[in-house]
Structure formats: C-alpha cells, structure tokens
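Peer 1: Per the working numbering, residue 6 is the first one in the sequence shown, and the count goes up by one each step.
Simulated from the structure, these hints should not be mistaken for laboratory data.
One or more hints might be untrue.
Derived SDA-like pairs: lysine to any residue, alpha-carbon spacing no greater than 25 Å straight-line [to be verified]:
(1) Lys590 to Gly426
(2) Lys93 to Lys122
(3) Lys187 to Trp320
(4) Lys104 to Asp83
(5) Lys122 to Leu132
(6) Lys533 to Asp510
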Amino acid sequence: MAQVDLSIAIGGAAGQGIATPGDILARIFVRRGLHLNAYNAYQSIVRGGHIFLTLRTSDAPVLSFGDKLDILLALNQDTMDRHLKLMKAGSSVLYNKDKIKPNTVAPGVELCPFSVKELAPQVKGDLVQNTIALSAVLRLIGVEFKTLEDILTLQFKRKGEAVIAENVGVARAGYEYAAGFKPIPFSLPDTGKPLAFFEGNQALAMGGAAAGVRFYCAYPMSPSSGVLHWMARHARRLGIMVRQVEDEIGVINMAIGAAHAGCRAMCATSGGGFALMTEGLGAAAMMEIPLVCINVQRAGPATGVPTKTEQGDLWQVMGAGQGDYPRIIVAPTNISDCFKTVPQLFNLADKFQCPGIILSDLLLSEGRSSIDPAELDFSVPIERGAVIGLNGSLPPLNGGYKRYELTETGVSSRAIPGTPGFEHVVATDDHDEDGVLISDEYTNPHKRQAMHEKRMRKMETILPLIEPPQLWGADDAQVTLLGWGSTEGVIREAIQKLASEEGIDANALQIKWIVPLHVAAITSTLSKSKKIVIVENNYSGQFARYLRSETGIVADAHIRKYDGEPFMPHHIVDGVKEILAGATKQYIPVHEIMV
C-alpha cells in the first residue's frame with residue numbers, strides 16, 4: 006500500500022522553461038528511490054500556446070499520471086484560468102502575483118502567491134519565477150534546501166560561480182518565503198535505493214543498442230524523433246552508424262540495404278512517415294530481409310495533431326504494403342517494456358527473416374517513468390538465425406545454394422552478400438528457390454503458390470515463441486477490461502479504483518503481441534468473462550474489429566477516447582459504471598483539462 010502519492014503540475018507557455026523545474030523535481034524523486042510517471046501535454050509551436058507537465062511520484066510503482074493534482078505551479082494567467090477550477094480541497098496553487106491573478110477557487114484550495122519583484126528585485130529575466138516557484142514547492146513537500154542547492158550548483162557549474170550564487174540566492178529567498186504557506190501533508194521518504202528515469206523513445210533506442218543495432222536511420226517526425234536524438238548522441242561510442250535521411254522512402258530503403266548487408270538495422274517514424282515506408286516493408290518481406298521499424302502513433306489522419314497521442318494506426322500497420330506477407334507486430338505496454346521488447350523482436354525478425362513492427366504512441370514514447378537500473382540488462386541473448394557468412398565458417402554447398410529453399414518452417418538459410426560460393430539474386434519480384442524471377446521464366450502458378458506458402462508458413466512457427474497475454478485480477482470479476490499497448494497502466498489503476506471506491510470487481514487482459522495473435526489463449530480467457538469491455542485510444546474501435554475478425558468475439562461494450570489526450574483512470578471508472586448501469590454500450594470521455 007502506497008504511503009505517498011503526490012502529483013505536481015507545471016503549466017505555462019512554450020518558451021517559459023517548464024522542462025527545467027520538471028527535470029529537477031523528477032531527479033529529486035528518483036534519487037530518493039521514489040517511483041515516477043510523467044506526462045507532458047504540449048502544442049506544436051515554439052513559443053506561446055499552453056504546456057502542461059504532470060509529475061506523479063509514489064513509494065509504490067506509478068501506473069499512470071493519475072486523476073488528481075496536489076500542487077499546481079502556474080507560470081502564466083492562461084494556466085491559472087484553465088486549471089484552477091479543477092483543483093480540489095487540500096491542494097495548493099503557486100503563482101507570481103505580480104502578473105497572475107486567481108479567479109474563483111474551490112473551498113479548501115490553498116493559494117500560495119509570491120512576488121518576483123519583492124524576492125528577486127535585482128535579477129532580470131522571466132525564468133526567475135520558475136526558480137522561486139520550484140524552491141517553494143520543495144518547501145511545501147518537506148525537501149531540504151541543500152538538495153536543491155546541490156542540483157543548482159551542478160546545473161550552472163559551467164557558467165561560473167557568479168551565476169551559481171545568483172540562482173542559489175533566488176532559490177533560497179523563495180524557499181524561506183514559502184515557510185509562510187500551509188505545508189502539503191506529504192513527507193517524501195528516502196528508500197535508500199535510487200532509481201533511474203527515462204522516456205519511452207530513449208527506452209526504444211537503448212533497446213536497439215542492447216539488441217546489437219549497428220545501423221539506424223530516420224527522418225525526424227514527432228513523436229518518434231527522440232529515438233533519433235538518443236542514437237545520434239551515443240552513436241560514436243556504441244559503434245552505431247546513424248543517418249538522418251531526406252524522407253521516409255529513403256529511410257526504409259537504407260534500412261533494408263543495411264540489413265541485407267548483414268547488420269541489424271532499425272528505423273522509426275510516425276503514421277505519416279510510415280505510410281511512405283509501406284512499399285519498402287513489402288519489399289523486405291519479399292526479399293526475406295529482417296529489419297525493425299517503429300511507428301510512434303499520433304493523432305491523425307494526415308498531419309493530424311502532431312503532439313497528441315492516439316492508437317489509430319493498428320489497421321495501417323496490419324495492411325502496410327500490398328498483398329499478403331509475414332510480419333510481426335508488437336505493442337509494448339509500458340516504458341520499461343519498450344526497452345525489453347526491441348531485442349526480443351530483433352531475434353524473431355532475424356530468425357524468421359521478415360519485418361518486425363513496433364507500435365508505440367506519444368503517451369509511451371514521450372512519457373517518462375522510473376525504473377530500477379538493474380532492469381536495464383544490456384547482455385541480452387542475440388540470435389541471428391540461419392545466417393551464412395557472419396562468423397567466417399561456411400557450410401558445404403552440396404550442389405548449389407538455394408537462397409529461398411522451400412522448407413517446413415518457411416525459413417531458408419540467408420547468405421551475407423559477398424560470401425564466396427553463395428552468390429544469389431535478391432529482387433522485389435517473386436521468384437523460385439534459386440532467386441530466379443518467376444516473371445522472367447514465365448509466370449509459373451505452381452512456383453508462385455509454393456513460394457507464397459513458404460513465406461506465410463513462418464507465421465505458424467512464430468506464435469509458440471512469444472508469450473501469451475495473462476489475465477490480471479480475479480477470474481470471476483464482474484467485468485473484463487481488454488486493452489492493447491500503452492493502456493495497460495491506466496486500466497490497472499482504474500481496476501484498483503473500481504474495487505476500492507465503487508465496490509466493482511474487474512480484471513484485465515492486455516494484448517501486446519498483435520501479429521501473430523494468440524487466438525486460442527485469448528478465446529479461452531474471454532470465454533470465462535461475464536462482460537467484455539474494450540478500451541482503446543481511437544474512434545472506430547480498431548482492435549475490437551481485429552479481435553472480432555480473428556476470434557469471432559464481439560465485445561459487450563466499448564470505452565474509446567480520441568481527443569488527442571490519453572485516458573485518465575476516472576475516464577475508465579466512469580465508463581464501467583455507465584456500462585454496468587445499462588446507460589450505454591459505448592462510453593466516450595473527453596479530457597476535462599483544456600490542454
């Protein structure tokens with residue numbers, strides 16, 4: 006049972022320096038061994054607009070950014086106007102009274118005004134209020150000033166002693182002034198075991214490094230660009246070639262070329278860029294070249310809302326490229342899972358010589374979460390499959406090399422280009438076992454059928470190698486919540502709230518491996534469910550349609566959200582209550598906080 010559950014929000018405009026106090030708070034929390042979940046709602050502009058960063062910390066694992074706010078740090082009037090009305094009794098609101106005025110406030114909400122002009126009259130710059138507000142927050146939650154002093158000293162070390170002294174002095178003034186505010190009833194413990202924290206894009210990139218990626222390319226497209234940033238920053242030290250390419254068509258073709266040459270290759274984009282990659286993915290499948298492509302979903306269609314989240318690309322990736330071809334599609338369920346999934350997918354893609362696709366989304370990829378550093382295992386097994394020429398030793402030719410030999414598993418030995426004696430043709434046309442193009446000989450229906458069946462047989466042998474979904478919660482629950490990908494944490498927290506606050510028993514089945522799908526395991530589990538409610542971040546119920554097409558299972562009800570913001574626990578709680586009461590079969594919440 007958690008002893009601490011504290012949520013702090015920082016709101017302002019782009020350019021007001023929101024990230025810095027957020028990073029400092031996050032570091033303080035994880036250094037004390039506290040768990041963290043952070044989500045930043047922002048707009049696609051460089052200056053202005055509205056940004057709202059929420060950090061939630063606890064001594065127990067944090068499943069989502071939650072429903073409540075304990076402290077609001079308003080850096081401009083817009084933030085005050087948008088969010089003050091949502092603050093509840095027992096919460097505190099900090100703001101610079103020189104420029105910001107509160108409106109009507111709910112009973113029990115503590116207003117904590119301070120004056121930059123009075124506390125730092127000699128210091129120029131708009132970011133002074135951030136330092137004062139940050140120090141006041143730390144005073145409210147009982148963090149000693151020395152902790153902040155040490156962080157500021159480290160942060161401004163390169164700018165010299167004068168800059169350090171100025172910032173520490175401003176922080177001290179704010180910290181001392183906040184002694185007059187009513188303290189928040191939280192005492193942040195120190196577990197003695199510091200944690201790390203990272204965002205999902207970093208986890209995906211680090212997973213690639215652990216998997217042995219040696220070539221990464223991308224065209225920057227939010228919200229996937231963080232993978233490129235991490236790769237570029239660490240490429241030289243890790244021995245990874247990184248290329249920023251002119252467009253996503255070039256990206257996928259460069260990745261295919263690198264993978265064909267024998268190294269592990271990875272690329273990342275969002276839905277719009279993925280649309281340009283689809284012909285290339287089909288080419289990789291036809292040539293039986295393994296690679297991993299990450300699609301970080303955002304709200305679409307077209308340019309859509311570049312800085313908002315959605316689970317809207319499921320059918321896009323399942324239908325990417327014309328014709329039938331084997332592909333593996335996986336949707337990690339949390340940020341730690343992003344790291345662990347990449348090496349596993351690479352091993353499968355190499356073994357079965359087909360494309361692997363990771364479906365992330367903005368919530369996962371740009372969200373941040375704490376993690377025990379011990380969980381970051383970079384010594385993962387690397388299984389390259391049937392590859393000739395990697396280790397120098399060559400098998401006997403036995404009369405010739407058939408690159409696309411028909412086998413029971415559908416997997417043929419793959420030779421690295423330039424391996425003596427194993428020359429072969431690789432092209433996007435269909436072919437026979439030797440690689441000779443069927444259309445060059447004559448369109449042979451028997452060879453086409455046999456080769457097509459050979460490729461598709463791979464899907465039959467992939468399924469036993471991936472873990473089936475497990476039911477979370479009691480078997481005899483009143484309702485089963487079924488989700489996929491990033492909704493795992495918020496669904497589990499909603500189940501806890503349903504039990505503790507509403508007396509409703511619910512369980513959850515979260516789907517991670519999308520293609521191939523564990524049809525038998527899912528059908529067996531859901532056959533015992535009293536009521537099935539599918540939860541997903543899209544308009545049309547894309548996974549609901551997929552589940553119905555693969556299993557024949559029709560959900561009893563749906564909870565869907567497509568306003569660009571992720572689910573909060575109460576959205577699911579409210580939906581379940583409405584559904585069980587018979588008020589609706591499709592509950593569609595909208596984000597209350599106007600971000």
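Peer 1: Now tell me if each hint is right for this structure.
Peer 2: Here is how each hint holds up against the structure:
For the proposed pair Lys590 and Gly426, the alpha carbon gap of about 63 Å is over 25 Å, so the pair is violated. The straight-line distance between the Cα atoms of Lys93 and Lys122 is roughly 29 Å, outside the 25 Å bound, and the hint therefore fails. With a C-alpha separation of about 52 Å, the suggested pairing of Lys187 with Trp320 is violated against the 25 Å cut-off. A C-alpha spacing of about 11 Å is found between Lys104 and Asp83, which places the hinted pair at or below 25 Å, so the restraint holds.
Distance restraint check for Lys122 and Leu132: the Cα-Cα separation of roughly 13 Å lies within the 25 Å cut-off, and the hinted pair is therefore satisfied. A hinted pair counts as satisfied when its Cα atoms are at most 25 Å apart, and Lys533 with Asp510 qualifies at roughly 15 Å.
Violated hints for the displayed structure, listed by number in ascending order: 1, 2, 3.
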